[in-house]
Amino acid sequence: HGDEDQTALSAAVALHAADLDRALRAFLAETFEPWAAALAAAAHEPPPAAWLVCNDGDAFALSSPLVDFARAGGEEGCWRRTVVVADRAKSCAEDGAV
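In terms of this note's numbering, the sequence shown opens at residue 9 and continues consecutively.
I should point out that these hints are in silico values taken from the structure, not numbers from a laboratory.
Mixed in with the good hints, there may be bad ones.
Claimed, not checked - Estimated spans, in silico, between C-beta atoms of each pair:
#, residue 1, residue 2, range
1, Val91, Ala22, 20 to 28 Å
2, Glu38, Thr15, 32 to 40 Å
3, Thr90, Ala50, 16 to 24 Å
4, Ala50, Glu102, 19 to 27 Å
5, Ser18, Glu102, 45 to 53 Å
Here a beta-carbon is modelled for each residue, glycine too, at the ideal position from N, C-alpha and C.
All chains should be modelled from the sequences, with the hints used to inform the complete structure.
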């Protein structure tokens, strides 16, 4: 009975992960990308430089929708492919771990 429960749990997790990926892809395409493009077009400053990931010493990963969004950026979207990680656990008052 335990194997069946594990299989059902794995299937449920995969279903929810796929739903989250679809929702993130929709958000990036329908909300974030137009906002970032309008911001870059209206600003007199350089466009965004990178994604900022704030971490506290734990392992992390970037989701497939975010990686796909980065790859689709073209030349003007080079900031999409740059990730800066600020790690609080490896920082001190005198020096931040970036």
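Supplied distance hint 20 to 28 Å, evaluated on CB atoms of Val91 and Ala22
Holds, at about 26 Å.
Status of the given 16 to 24 Å range, CB of Ala50 versus CB of Thr90
This hint holds: roughly 22 Å between Cβ atoms.
Outcome of range test on Cβ distance (Ala50, Glu102; 19 to 27 Å):
violated, 37 Å
Quick check on a hinted range of 32 to 40 Å for Glu38 and Thr15, using CB atoms only.
Holds - the Cβ-Cβ distance for Glu38 and Thr15, about 35 Å, lies within 32 to 40 Å.
Regarding Ser18 and Glu102, is the given constraint of 45 to 53 Å on their beta-carbon distance met?
Distance hint for Ser18, Glu102 holds at roughly 46 Å.
Of the numbered hints given earlier, the model fails hint 4 alone.
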